[in-house]
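Q: My request is simple: use the sequences and hints to build the entire structure.
Residue-level listing of the chains:
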Amino acid sequence: MRTRDIRFAAALALFGAVLGLLFATYSTSDYAAHLDRQVHAIHCSFIPGADPSSDDANPCKAALFSPYSAIFRQTYWGGIPISLGALGCFSFFVGLALYLAIAPARASRRALELFALTALAPLGASIVMFTISLTQLHAFCKLCVGIYTSSILIAIGGVLALRASMKEKKDGGARPRGKLPVLAGGVVAFGVASLLPAMVYAWSLPDYRPYLTSCGALAHTTESHGALLKIPTTQPKRQVILFEDPFCPICKTFHERLVAENILEKLDITLSLFPLDHDCNWMVENSLHPGACTLSKAVICGKDRARQVLEWAYDNQEELRPLGKQGGSALKDRISKQFGGDMGACIDDKATTTKLNQELLFAADNHIPVSTPQLYLKEGDKLARVCDEDTDLGLKYAMGQLAPEVVSP
Amino acid sequence: MSEKHEGLGTEPTLPASSDQFSARAQLEDGGAKRSDGGGDGQSRKPGPMVVGAAAFFAILFGLTFWVHASVHAAGERAAHPEQAAEQKVAVADNSEVGYCTPAFKGVLQRVLNSCGLVGSEARRGCQPADVKTFASISDDDFNALFTPLKDRGAVILFDEGKDDLDDGAKKLLEEKWQDRRGARYFFVVARASKTGTPDANRALSHRRANSVMLDLQNTYHDPDLDKQVGLLWLGNEFAQLSKDYCEWPSSREQATSSKKEKCSAETINRSAFVSWVDCRL
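Protein chains in written order, with my numbering: chain A, 3 to 411; chain B, 239 to 519.
Don't read these hints as lab results, they were simulated from the structure.
Note that beta-carbon positions come from the ideal geometry of N, C-alpha and C, so glycine has one too.
Honestly, I wouldn't trust all of these hints.
[Unchecked claim] To give an idea of the interface, some chain A residues facing chain B are shown, with a C-beta separation under 10 Å as derived from the structure:
#, residue
1, LEU198
2, LEU207
3, GLU287
4, GLY304
5, CYS348
6, LYS352
[Said to hold, decoys possible] Taking lysine to aspartate or glutamate and the EDC-like style, the derived pairs with C-alpha atoms no more than 16 Å apart in a straight line are:
#, chain 1, residue 1, chain 2, residue 2
7, A, LYS334, A, ASP351
8, A, LYS254, A, ASP317
9, B, LYS465, A, ASP367
10, B, LYS465, A, GLU225
11, A, LYS239, A, GLU381
12, A, LYS334, A, ASP344
13, A, LYS352, B, GLU413
14, A, LYS384, A, GLU313
15, B, LYS481, B, ASP462
16, A, LYS254, A, GLU313
17, A, LYS352, A, ASP281
18, A, LYS169, A, GLU320
19, A, LYS232, A, ASP306
20, A, LYS352, B, GLU412
21, A, LYS352, B, ASP417
A: Set out below in structure tokens:
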């Protein structure tokens with residue numbers, strides 16, 4: 003009977019491992035695809051093989067571009083995705099579970115202990131990542147959930163197998179004990195398997211340094227009317243100009259990434275607002291972010307509190323977006339409610355419109371791409387653009403190469 | 239019967255008392271002959287350990303190779319972006335709207351070149367002789383170029399023989415100046431009516447253009463003003479406005495009633511037409 007229990011446990015783990023391999027493969031595939039510095043759709047389904055999604059609200063995209071999806075980001079462009087560990091780990095469990103499923107009676111106790119012990123590793127990793135998803139990302143990527151589920155199945159399998167083995171021993175079963183070094187060898191094999199894909203990944207990465215300075219520079223580094231805004235930070239070490247739209251979700255993510263990577267406070271930030279809203283921006287045919295002009299004026303009106311207004315706008319994009327689409331004074335009224343009636347009057351002031359226009363003309367004079375966010379980093383006497391690709395996956399690597407002082411502790 | 243079972247533990251010789259267990263194990267293990275350690279040479283079926291290890295290594299090495307190939311392929315695409323789907327992104331620039339026809343832009347370019355807005359020429363503005371030369375078009379064609387600016391610009395009206403801006407003129411000028419949007423250049427085309435000599439009218443229209451410029455300088459102290467404002471003064475010699483232009487937005491509509499006078503072909507030319515021009519060059 004115990005043998006049957008072990009076979010069931012192994013089959014459960016085998017199923018979990020195969021499932022985990024599928025999800026980890028899709029996750030790794032999506033990550034590796036972005037190494038070409040292009041934009042790609044991202045898989046996010048419980049159904050293996052389902053079409054990838056380009057939706058900005060895709061939680062798998064949020065997870066992939068988060069600082070938690072990879073390690074050693076400063077050393078390697080994009081870092082080493084943690085899904086690579088899952089690939090090796092699940093491969094190990096496919097082999098081990100297959101062995102136990104085929105030969106549940108002959109497997110030594112050490113083999114079952116190895117199974118139970120190593121099964122805790124993916125479970126532990128999944129608990130950590132689940133906690134991060136819950137507390138930091140506030141979203142659950144389906145591929146990640148698939149991996150968590152697989153890890154749970156394997157862990158259950160490990161526990162069931164160990165329990166069956168212990169009961170069998172108690173019942174006086176004659177299962178061979180096996181040798182301790184073999185158990186240790188199994189753990190080592192598990193570790194090596196978990197590391198091997200990551201090591202090969204790191205070894206295969208191309209040299210990204212030539213790309214880092216290939217996205218041009220600002221022709222005009224100052225705005226003659228002083229219209230650009232200073233964003234106060236605690237330890238400004240490197241001058242940058244940021245082109246941002248307070249209604250742009252990618253700007254919000256970028257801002258959060260700079261905070262999470264502990265980079266933001268080390269930048270000496272000049273903000274040039276670039277709302278992607280046709281109401282004030284002639285460079286945008288259709289308003290991508292209706293209401294962004296009003297929100298940008300609010301940031302300008304914030305003056306010394308510009309950062310506070312900008313961060314409030316980012317934090318409340320979901321709530322403010324419908325107000326922006328609604329038009330009229332709905333958005334302005336909400337801003338006034340938050341920051342006082344003077345803010346509403348300032349938004350309507352012609353001087354504020356002029357200032358925003360000067361910021362837009364600054365962008366036009368520099369012929370920057372019509373997109374946000376954009377980061378220009380002071381290098382000598384020029385402000386060089388940090389390529390879009392280096393503001394997400396490659397942010398820490400790019401900063402480490404171009405401005406090491408902002409990534410050093 | 240003693241068989242070595244390498245891998246995750248060496249199975250000891252099964253005790254005699256475990257014959258029943260052994261037989262059952264054989265049965266539950268699918269009846270596979272043990273050949274993990276080489277077998278008896280008669281069976282070619284792989285043992286469970288070999289199957290598990292083979293699956294492990296095959297998957298691990300297969301996936302590792304796939305990882306290498308994926309990263310390498312992405313690196314190739316990064317190095318040769320033309321092989322990847324390139325996303326075209328618009329570039330920020332000054333505004334350009336429908337009236338920026340090639341003819342309009344041709345004249346605009348010549349104005350900019352000849353009137354000191356581009357290049358290193360110290361002088362500012364163009365007088366009638368210049369305009370006649372560089373525009374190389376008839377009066378009517380010259381005026382027609384500005385027709386699409388009816389809603390964008392406005393006519394600043396002056397009293398006869400005067401060049402000072404009244405309150406309505408200043409208000410309208412401020413309104414038009416602030417409605418820049420993405421325009422690169424602000425045009426001031428000053429004229430004089432036929433009353434008086436051509437020389438006097440040329441000087442008068444010059445002063446009217448300068449009045450507009452001076453008001454902008456005094457109001458905005460904009461360091462870029464010289465690179466933005468194009469001045470033309472036409473006196474009464476070139477491109478006089480017809481009475482039709484009375485329908486255009488003008489400063490006297492906004493002025494006090496005492497300044498109102500009936501618009502005519504005469505009065506409409508005591509003016510400076512001002513407008514931002516939404517054309518790229």
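Q: If a hint holds in the structure, say so; if it doesn't, say that too.
A: Each hint, compared with the structure:
no.	hint	verdict
1	LEU198	6 Å, holds
2	LEU207	6 Å, holds
3	GLU287	9 Å, holds
4	GLY304	22 Å, violated
5	CYS348	16 Å, violated
6	LYS352	6 Å, holds
7	A:LYS334 <-> A:ASP351	13 Å, holds
8	A:LYS254 <-> A:ASP317	8 Å, holds
9	B:LYS465 <-> A:ASP367	13 Å, holds
10	B:LYS465 <-> A:GLU225	14 Å, holds
11	A:LYS239 <-> A:GLU381	12 Å, holds
12	A:LYS334 <-> A:ASP344	11 Å, holds
13	A:LYS352 <-> B:GLU413	10 Å, holds
14	A:LYS384 <-> A:GLU313	28 Å, violated
15	B:LYS481 <-> B:ASP462	35 Å, violated
16	A:LYS254 <-> A:GLU313	8 Å, holds
17	A:LYS352 <-> A:ASP281	14 Å, holds
18	A:LYS169 <-> A:GLU320	55 Å, violated
19	A:LYS232 <-> A:ASP306	8 Å, holds
20	A:LYS352 <-> B:GLU412	11 Å, holds
21	A:LYS352 <-> B:ASP417	9 Å, holds
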